[in-house]
Structures are given as C-alpha cells and as structure tokens.
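S.K.: Sequence:
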Amino acid sequence: MSRRGYDDDKSQGIIRDLSSLGARCELAKPDVSIKDDIRRALRQSPKPIGGIIHGALVLRDLHGYDRRAIP
Numbered sequence: 001m002s003r004r005g006y007d008d009d010k011s012q013g014i015i016r017d018l019s020s021l022g023a024r025c026e027l028a029k030p031d032v033s034i035k036d037d038i039r040r041a042l043r044q045s046p047k048p049i050g051g052i053i054h055g056a057l058v059l060r061d062l063h064g065y066d067r068r069a070i071p
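First residue of the sequence shown? That's 1 in full-length UniProt numbering, and the numbers climb one at a time after it.
Worth flagging that the hints you see were computed from the coordinates, not collected in a lab. Only a predicted model underlies this, so the values are computations on that prediction, with no experimental measurement involved. Please note: incorrect hints may appear among the correct ones.
As the list claims (entries may be wrong) - Label pairs and their calculated CB-CB ranges:
1. LYS35 x GLY13: 24 to 34 Å
2. LEU21 x MET1: 11 to 21 Å
3. GLN44 x ARG4: 17 to 27 Å
4. ARG39 x ASP9: 26 to 36 Å
5. GLY50 x SER20: 11 to 21 Å
6. ASP9 x ASP36: 28 to 38 Å
Claimed, not checked - Listed below are the simulated DSS-like cross-link pairs for lysine-lysine, each with C-alpha atoms no more than 27 Å apart in a straight line:
7. LYS35 x LYS47
8. LYS29 x LYS10
9. LYS10 x LYS47
10. LYS29 x LYS47
Note that beta-carbon positions come from the ideal geometry of N, C-alpha and C, so glycine has one too.
Modelling step: build the complete structure from the supplied sequences, incorporating the hints.
M.R.: Okay, structure coming up:
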C-alpha cells in the first residue's frame, strides 16, 4: 500500500529485489484514514497478506536531527 505509488527509481529497485526472492508486488492506494478503503484493499489482494511493514518516519523523533542538513 502506498499513497504515492512505486514509479520512482528507489521503489522499483525494491520491487526488483523482492521479485528476485520470489515475491509479487501489487500496488494498492487506499486512504489509511478510511477503514473501508483498507478493508477493500485487503479483500482485493490476490493472496492472503501475511504482514505489513509500516515505513512512515517522523523526522522530529530523530535525536540530533538538523533540518538544515537536508537539501
């Protein structure tokens, strides 16, 4: 699941890596604030989903984070 999709180079690299391990990636773009969107995305999955990796990041939670260091 992704709100942005996976057309960027980094995402495509991850998909290639997962594919080389035998995984199949399907894109779902639900609004995670709407439970019915999540339920629909899970029901539409061609196979049962065994787990979810939540990859959000809040930069203010990083110790030593300096906003000026990010271009």
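S.K.: Work down the list of hints and note, for each, if the structure agrees.
M.R.: Each hint tested on the structure:
1. LYS35 x GLY13: 24 to 34 Å: 32 Å, holds
2. LEU21 x MET1: 11 to 21 Å: 20 Å, holds
3. GLN44 x ARG4: 17 to 27 Å: With a Cβ separation near 19 Å, GLN44 and ARG4 satisfy 17 to 27 Å, so the hint holds.
4. ARG39 x ASP9: 26 to 36 Å: 32 Å, holds
5. GLY50 x SER20: 11 to 21 Å: 19 Å, holds
6. ASP9 x ASP36: 28 to 38 Å: 33 Å, holds
7. LYS35 x LYS47: 20 Å, holds
8. LYS29 x LYS10: 18 Å, holds
9. LYS10 x LYS47: Holds: LYS10 and LYS47 sit about 25 Å apart, inside 27 Å.
10. LYS29 x LYS47: 17 Å, holds
Hint violations for this structure: none, all hints satisfied.
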